[in-house]
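Participant: Sequence:
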Amino acid sequence: MWKLDRFARSLIDLVNMVDALAARGVGFKVLTGALASIDPNTPDGRLMLQVVGAMAEFERSLIQERTRAGLDAGRAQGRTGGRPAVMDADKLAAAKARRAKGESVTAVAKAVGVSRATLYRALADAE
Numbered sequence: 074m075w076k077l078d079r080f081a082r083s084l085i086d087l088v089n090m091v092d093a094l095a096a097r098g099v100g101f102k103v104l105t106g107a108l109a110s111i112d113p114n115t116p117d118g119r120l121m122l123q124v125v126g127a128m129a130e131f132e133r134s135l136i137q138e139r140t141r142a143g144l145d146a147g148r149a150q151g152r153t154g155g156r157p158a159v160m161d162a163d164k165l166a167a168a169k170a171r172r173a174k175g176e177s178v179t180a181v182a183k184a185v186g187v188s189r190a191t192l193y194r195a196l197a198d199a200e
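When you number the sequence shown by our numbering, it's gap-free, plus one each residue, and the end is 200.
Since the hints were derived computationally from the structure, they do not count as laboratory data.
As the structure is a computational prediction, the values presented were derived from the model and not from experiment.
Treat the hints loosely; a few may be bogus.
Only pairs whose alpha carbons sit at most 20 Å apart, straight line, appear in this in silico EDC-like list of lysine to aspartate or glutamate [as the list claims (entries may be wrong)]:
#, residue 1, residue 2
1, K102, D86
2, K164, D112
3, K102, D112
4, K183, D161
5, K174, D163
6, K164, D198
7, K164, E176
8, K102, D117
9, K169, E200
10, K183, D163
11, K102, D92
12, K174, E200
13, K169, D198
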């Protein structure tokens with residue numbers, strides 16, 4: 074295994090996967106990081122593997138918590154994630170009016186400044 078944090082997302086997953094490999098007679102060795110010099114096929118190595126796995130799971134939980142807090146703080150300030158919408162209500166109303174007059178989708182899309190695909194999607198969503 075090149076790096077332990079890429080192998081399993083939780084301690085339970087890590088232990089289960091290492092046990093499944095051992096049951097099939099497959100050895101397990103970490104090539105980089107904290108466990109590079111430890112043999113996880115020995116009792117001492119398994120202990121270290123589990124300690125490092127628990128720390129990795131803890132670190133992941135902290136990252137999730139900080140991410141959630143940052144997103145909540147942004148929402149409290151009125152920010153939303155994602156790409157800004159290119160079709161607002163005014164553009165949609167103008168596009169509908171032009172289409173009702175019989176203009177082609179290409180001409181309407183060009184007039185309101187969006188792609189044909191965006192116009193088709195906006196018109197379909199509006200119905």
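Participant: Compare the structure with each hint and give your call.
Facilitator: Hint-by-hint comparison with the structure:
| no. | hint | verdict |
| --- | --- | --- |
| 1 | K102 x D86 | holds (16 Å) |
| 2 | K164 x D112 | violated (64 Å) |
| 3 | K102 x D112 | holds (6 Å) |
| 4 | K183 x D161 | holds (15 Å) |
| 5 | K174 x D163 | holds (17 Å) |
| 6 | K164 x D198 | holds (14 Å) |
| 7 | K164 x E176 | holds (15 Å) |
| 8 | K102 x D117 | holds (14 Å) |
| 9 | K169 x E200 | holds (11 Å) |
| 10 | K183 x D163 | holds (15 Å) |
| 11 | K102 x D92 | holds (13 Å) |
| 12 | K174 x E200 | holds (18 Å) |
| 13 | K169 x D198 | holds (12 Å) |
Hint compliance for this structure: hint 2 is the single one not met.
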